[in-house]
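> Dock chain one against chain two, each of which comes alone in its own frame, and use the hints as you go.
Just so you know, the protein sequences line up as chains A and B, in that order.
Numbered by my numbering, the letters in the first sequence go through residues 1 to 1142 in order.
Numbered by my numbering, the letters in the second sequence go through residues 1143 to 1238 in order.
Simulated from the structure, these hints should not be mistaken for lab results.
Some hints could be false.
What the hints assert, rightly or not - In silico contact screen, one side only, chain B against chain A (beta carbon under 10 angstroms); selected entries:
1. M1143
2. L1156
3. M1159
4. D1162
5. A1169
6. P1177
7. V1182
8. Y1184
9. A1187
Unchecked claim - Under 7 angstroms between C-beta atoms, here's a sample of chain B residues computed to sit facing chain A:
10. L1144
11. V1145
12. L1147
13. C1148
14. F1151
15. Y1152
16. L1154
17. F1155
18. D1158
19. L1160
20. G1161
21. A1163
22. L1183
Just so it is clear, the structure is predicted and the values come from calculations on it, not from any experiment.
Every residue, glycine too, gets a C-beta built ideally from N, C-alpha and C.
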Amino acid sequence: MLNNARRGVWVVLICLLLGKSNALCAFSETELEALQDIYVTTSGQNWVWPPDTAGIPWNFTGNDVNPCLANWQGVNCTYAGDSCYVNALTLRSHNMVGPLPSSIEQLSSLTILDLSGNFLSNTIPSAVGNLVELRLVRLELNRLSGTIPASLGYLSELYEVDMGFNSLSGTLPDSFSRLSALKGLDYGINSITGTLPTWFGTLTQLQYIDGEKNLLTGTIPEEIGQLTVLRAIQLYNNYLTGPLPDIFATLAELTSVQLEFNGLSGSLPPSLVQAQSLTYMYLFHNDITGTLPGMLGTMPLLYDLQLYNNLLSGPLPAGLANAPKLANIDLHRNHLSGALSGALQLPLSLLDIDLGENWLTGTLPTSLSRLIHLNELQLQDNQLTGSLDGVFNASLLSSLTIIQVSGNELTGSLPAALFQLPNLQVFGAVGNCFEGPLPVTSMCASTTLRVLALDGLRSASTCQRKLFPGISSSHVITRPFSGGVAACLLQIPNLITLHLSGNGLTGTVPNICSTPTALPPSLIDLSLSHNALTGTIPKCIQERHWLNLDLSYNRLTGTLDPAFAANSSIIDAKRVITSTTLTIDNNRLSGRIPGGVNGYENLTMLTSNLFSCALDKSDLPTADKDRLNYQCGSDYLNLPYYVWLALAVVLVTVVSTAWWGEKGAVSNTNCVPATWRQSLQSAVTWIQVGFTATEDTRSNSDCPGVHAAYHAVLHDFNKVAAIAALCAVFTVLVLLPLYVGLSSQYSTVTHKYAWIVSAAYLSGVPPGVTVLVVLLVLMLTFLFTWRHACAHAGPVRGLHSERSTSGPSCADQQLSDKQPTSGTPVVRTADERVAATTLSFATRTAVYVTYVAVNFAVVAGVNTAYVYVALNQRGAAFIAAQILLSLFKLLWNKFGGVYLVRYVTSRMTVYDDTAFGRGFEQLKVFVALCNNIAIPCLVVAITSPDCFYHAFTAAPEVTSSYEYKQCYTYEPVSHGCTSFVMKTGTTGYSPPFAYSYQCSASFVTYYAPAFLYLCLTATFLSPLAQGLMYVLHRRAATAPGSLWYRLLNILLPPSLKPLPSQDSSNSTDAPANLVTPAHNPFQPYFDAAVLQVNLVTYLALILTFGAVFPPLSAALVLTVAAVLCSTRLKIGRLLTLSVDNR
Amino acid sequence: MLVTLCCWFYTLFLFDMLGDAVGFEGAYWVLIVVPLTPVVLYMLALLLVHVIPRLDGAEPPVREASRDSELVSVTVSPLVQSCKCSSDRKSKYVLY
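For reference, chain B alone in the conformation it holds in the complex (with noise of 0.2 angstroms):
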């Protein structure tokens, strides 16, 4: 979410740093690529921290969702929650 908002923010910054000197046609597939540059990165990001570290023969980050799910009593950190490795994490944290 917050890379795709980074990137359709800095779209219009780039369209206007190209546009203004080679115009429209000049500068149109900006707001056609970077809006569509999250779905690269992401890609690049899992390849970085999925697949580099097996090439390097350490051992990929475990999922530890199916244990998770098992302690339904816990309250859990949203930040986690809001990370695929606590997917199956459905509360938040409150002090009452």
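With the rest of the complex left out, here is chain A (with noise of 0.2 angstroms):
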């Protein structure tokens, strides 16, 4: 072979000086075929011709085409005789692109191939197995696919095989156990199933094995401790399982083991620390156990130890600090044990440790400063206790870059020394028991710092006073760190992250921006969430793109700068990449988005702050997952607010223009209709039924008692109306300047929309302490005027000693009847109840009890879902909610809670709810009460995180993660870093529960678009749909079989049908459906206990929400009169009727 190329050789130069090539070296012709073929079929037209590489490109234009002559690059020949043959082909990236020829198999004489790091697809042709002299194969860095050729296997003369970085498939043949002179086999990154096959045993010359990131299973075979050359073996990301076999003690030779990413179990076998050349041990993320053998320090050229994720537990083994050469240890995320200060006797060799995630516990002891060529030290996530006061040397530890003790239960205050070091870059203290003050002064001095992680430095579970223990995880911050933010630490000079969130910190965000390059231009993360501070967000601040800013849950005001996030030249093209956040949502921010906060792609601003937007939303940030459930300032009360006003407007005009005009002028001319007119005329006699008992008595002598009654009723529901005047005018003409007032001076935002004129919102002593003496003056005014009332009484009173002496009414004649045979009305008495009032204890409580919970469970529901949409649902389905909760609210109150209060009753017992006594109207009326406000209050103070939903559900863990730079390499005698890695680091910590002093805002912001839309109902729809449906009633019983009238005189409520005479009962001709209902003690003409319930929950509405939030008061004052005239209309037209049907 040798004699042949310096045959070769000589001949080259021969024909250099003779020019006569061709003459002097026959290329084979199938051998220019077999090249031609490899040429065409991946696409070598397309080739491309590395300049730094000998030869020159391919040309089989000519006759005489000589590939060794011409010298073409990737060609090595082989000269025998007159003739020469290629014995290397190597094309190494040079864009080829397809399949590999079968025709590859007339390169008889080749012994190199070597195509990686091109575009070849396709299977490799078995033919390559007839190239018998082929010594190497490497094809890594393609897209081949399909199987491993067997026939490679017969390839007596290969010693290296490079087929990885391709999509290969199926096992390894068996062929290859033939493959004596095998000395490196890389199959590494295809898709190789199969085990690892126990013929590896033969290969007795094989110095490595990869075959890393494929589909593996099995065991490894203990075969390969036969290889007694072998050096590495890499097999991480395969699944392989089963335990370590024992076989290292032969393999003396063995420098690198990686298999990690695996499945491997069991305990490290002992013979591991008799391979006594071994230098990089990676058998990270498995699932191996035991404990460490203490025997590791023996082993003498160890220098990296990886471990990390797997399940070894028990003590760091003290014999780790006889192994003179290890460099870097990492055993983090493994479940070892036992007190750090006595396992720290480490090698002084030591660059990096990582103990991280395990369950260590005691204290760092002092002579860690021992370790002084320490790089790195990460202690994050165990059980570490004690201070940090004198761990760190500062003269000693001049190499340290990274301390990282995140997640331990560390007391005392940070020491002033730790920043002191030289060389520290990042330091990481998250969730531990740390106490104030920082040593801000050490801290600014720091010219090196680029990482200061020092969020909750006092939440670690053992350090939280929970406030529901055994019920909640939340907690409260104790002795939070005072003093605020120091505005030096924003201007550290090469800082790059500062997180200080979840500490408690007071005072302002400081304002550092007085100069343009107060804030350094490395600053790109900061996070200063879950604390207590106030003010604005400086200038500066608002005006620079962060890769991260996170100022949420504090209490920070003003609004947004026009140029927010305009200055992105400060993230450096690399970090670009990395997607942006920006998070500012539960704060007091105001006013309108700026448009550069879309420049964030991740972003989380709008919840609990009180921004504007358009109608639609538009505006608002769209990478923001509130966005479209947010309510923008007051929109979503604006608008039922506008609609209210002007039908407010609208009826006030048309009552007052009828009534004057009854009255008046009107009904003198014959510009109205005269059928308009004398409808006026009823609905006006209608409503004047019952104001004047004695009048109404001695006219309707038919049935005095019914109208007496009636208007004992009236007279009490007036005095509440009255009463309720009263207050919403106190709300409107007093609480509602004196809003306005205060919220120009004590307003938590900036911006209050429609909420300027409520008591949302506000902060301080001064409005406190005024709201408090207003709001005490209006109870003692109402509390007055109730008593008034009730004191003054005189026409109830004056009824029942008519009554007394009047003899039997006919409502008493009726009734004694017990079937009423006419619609006129009954006044049900004493008599009928006699039965019913001996109800026992036992049976009152179950109905009370009853009634209750199935009340409270119903509307705690419907408000609990409601809130969860205010809180989660996108705008439409808000305003959904809002409308459907309002009608719940009107037909529970008028129907649902009723019914079921009589249906409760006639399950126990024969139907009479005055059974129950007087403590069961009080119980009714607690319930309304309960069910308007108690329950929806309760509800959002439990569920809305503007309250205390995160005092009874713990708040989500807060992560945060920072990027830094980890020494990846080391130079070996100086202990220098020679490359570095980009690591992230992730931090997280629980915080703690601090109230924002904005529940009661939410009460408001919440419940009055929903009381207003119940306003709109009561007031408009309700009487409205009434009406026309009695219209239409008396239309359609000109047909009374009809459908639509069916259908008209089940919804049309009772007091609304027509009633017959009281001869047309006994008259075969009157149609049947006229007949009003015989008795049934759910279809009632009336029940004053409703419209009490009713009045009463007004009026109570107008002292709680209406009070806050005067305009409500105005809303449900008109609801109160709309109420009441409409009752007044419907019964009084039904007792007219009743009398002129007797």
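Right under this line is the structure:
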């Protein structure tokens, strides 16, 4: 072979000299055709020809093409006589695209085939196995697929096969067991399946096995122990299982074991420590159990020990200290236990220690400072206790750049000496039990600090003060770090990341924007969330485009600058790739949202802030997940209030016109149709029924009891309405201007929108005291007028005096028949109640409890659903929920609760709720107040994040991450770092519960719109619908059998249905449908108790929600008037008709 | 009942106003004092209604509960029921 090569060189030289190369070296036509096939099938016209590679591009034009003599790139030749043959084809990264042709077998002298780094596709032709002289095959970094041809196993000369980084599948052919000369086998990063073959043991020359990132399964065969010259085994990222075989005693030359990311189990084999050449041991991300053998310290060359993310337990062996070369020990995410202080007898050669995420206890020993080469110390997420005082000696630990002690239970203050370490770049102490104050002076003096992660310094579970122990894991911060955020911390010259969240910091965000360069350009990650910071966000912080800016869960006020995030030049090109994050939710920001915020990919800014937006919300940031269910300013209130205002004006105009018209000129003119005039007069007459007891009683002598009692009820209800009006006037004339005045000085938000006329978002002692006094005056006024009304309830008593002497009423007479024969109203008397009043205590209690329980369950459920929608659903759903809630309130108050009472009572005894006495009436009022005020408030208080939701349900752990440079390789002697890798540190802590003092505001913002819809429905919609049905029902009465009539008959309240004359009930001609329904406890004409409960509820709403939001009391008092008026109209009509019938 | 409910309702508003400015330590008294205010208010109202008219020489309001209690055959106003002046009345007004 060597002779042939020398001859070849001479031939080439002679050829070059004589210019007759073809004549001196004949190139085989078949080989030329094979080369041409390769050229054609792999898109030779597109090959790239690296200029630094010897040789010229291939060229098949001409008659006498001779690749050897032409010195084609990548073609090495061998010479035999006058002929020359290709013996090496080396075309690395030549952009070969396409399949490798089978005709390659024509290159019969080929010993080296290196086509790595191309785009070869399809399968490896089995014809390659015919190249019997082949010694080296390199086809890695291509797109080859299919199986590895078994024919390769017959190439007895083959000493290296490299087919890594393709898409090969199938198993490793058994024929490879014949490759006795094989020294290197690389089939990594493919899809090779099957197990590791036992015949590996026959490949005694094998020095390395690279089979990483395949689909290999099964166990590691013990036969590998027979490979005495094996230096490296790389089988990481497979599905290997079972224990590590105890084979290492014979692998004397083994320097590298890379079996990470498998499912290996069992303990570390004892023979492992006998691999005296072992330098790199990578067994991380497996399921290895047991303890670390102390004999690891006897391994003379062990340099890098990475066993993290396994199930190792027990203490760190003291013997590790004897490992003379050990520089990196990474055992994080195991179950190591024991005291760290004893375990830290580590070798002095150590550069990196990562013992994070274990169960190590004890304190950090002061002897740590003897590790003078230490570059990185990662001890996060253990159970370390004690103080850091004296642990870090700045003069000894001059190389220390990274310290991570997050997630421990360390106590005491952060020592100033820590920040005097000359090369400290990263310090993380998130989630410990540290106390203040922070060593701000030494922190700010550091010029090397890059990352300062000090979130939740006192939030470890062992030092949390639980709010509700045993119920919730929510906690409050104790001994918060006083002094606020020091301005100089934001000015540390090279600082990249500053995290100080969850420390209860008070004061303002330092305004360091006096000079343009005050904020160092390196600072791109700032987190001050979950503190109690007040004031505004400084302009220069707003204008910077941060990699991460988290100011959420504070009490920051003001508006956002129009130039928000405009300064994007700060983030260098490398970091722009990383998504940027802005989190400023749960503050008190208001005003318009600048467009600059859309520059952030991850955005959370809306929740609990009071930003305004366009009606279609088009200007809200699209990246914010709360965008669709966000209530901008007071938009959800504005629309229904404008509608109410317009309808109120129309209603007042119409009613006053009608009233004065009926009284005055209109009735005497012909400009109004006669039917209208007649209807108007009837309506006025009906309304006036029961106005004066004496007249009614006398004039309606046929049925004096009904009219007198109705008068008494009406009198009382009028008083309620008068009190409601008085309270509403007080709120509008006194409270409303007061709120406006206070809002200008003491508001927690800059822009309050419609809430400017409310007690929401007020803060300060003066408004607190003023509002307290005024509300007390309101209460006193209410109490006085209420008691005054009760004390002078003369007509009611007069009625009874008169009734007692008037003999049996018509009602009594009719009742004695038990079966009313006409539609005439009946007053039920105590005669009928005699039996019911003897109800047992148990029955009464059962009714009470059932009624209250069912009612509360339904109402609380509906309100919870409403708040859930308010918190989580989009805008349209929220508006729908408000309307549905108002309808529910209306219907439940009017029917649901009433029927519930009657149903429960009727199931337990003969229906008669009066049998339960006065207490039951009070209970119903109590339930109504709970339904409409107490339960909504409780639901909001419990479910709203602005209130106490996170007091009952602990806020989710706050995780944050930061990037830092970690040394990847060290210079062996000086231990200087020669290359770096960017790492991401992730920390988490449980944020403390901090009440925002905005809960009361959410009562108003959540429920004011809902109550307004209630007013709209009760004031306008319900009477209008009833009036419409009344008219339609009368018209439909001409065809009483029609479906339309039957439907209306069901829907129309009984009090609006026509009454038949007394005679007609006996008349065979009277239509059956016109007969008033018989006595039905579930369908009364008029239930004064229901109206009473409703009026008291409206009054209560005026005194509560109306008092803190006066516009609502104006709406509510109109509703009271409307309800009372419509009731009088209906009942007046009923009584008038009944008298007429009689 | 109404006054008690209102005072409890106002409590949180007043606590928020004060607490936001002076912290929990400076505002916790609101959580105690304001809910108990109805007792004071009720006493004050009693004073206004009963004592002051006497001082003016006016007749105190007549409580006719005993007379009402004899009139068991008549329904009465629920509003009056909720007032102390009609404590012995026991039914409500229903039109059937």
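> Compare the structure with each hint and give your call.
Hint check results:
no.: 1; hint: M1143; verdict: holds, 6 angstroms
no.: 2; hint: L1156; verdict: holds, 5 angstroms
no.: 3; hint: M1159; verdict: holds, 4 angstroms
no.: 4; hint: D1162; verdict: holds, 4 angstroms
no.: 5; hint: A1169; verdict: holds, 8 angstroms
no.: 6; hint: P1177; verdict: violated, 13 angstroms
no.: 7; hint: V1182; verdict: holds, 9 angstroms
no.: 8; hint: Y1184; verdict: holds, 7 angstroms
no.: 9; hint: A1187; verdict: holds, 4 angstroms
no.: 10; hint: L1144; verdict: holds, 5 angstroms
no.: 11; hint: V1145; verdict: holds, 6 angstroms
no.: 12; hint: L1147; verdict: holds, 5 angstroms
no.: 13; hint: C1148; verdict: holds, 5 angstroms
no.: 14; hint: F1151; verdict: holds, 4 angstroms
no.: 15; hint: Y1152; verdict: holds, 5 angstroms
no.: 16; hint: L1154; verdict: holds, 5 angstroms
no.: 17; hint: F1155; verdict: holds, 4 angstroms
no.: 18; hint: D1158; verdict: holds, 4 angstroms
no.: 19; hint: L1160; verdict: holds, 4 angstroms
no.: 20; hint: G1161; verdict: holds, 5 angstroms
no.: 21; hint: A1163; verdict: holds, 5 angstroms
no.: 22; hint: L1183; verdict: holds, 5 angstroms
Against the hints set out earlier in the document, a violation occurs for number 6 only.
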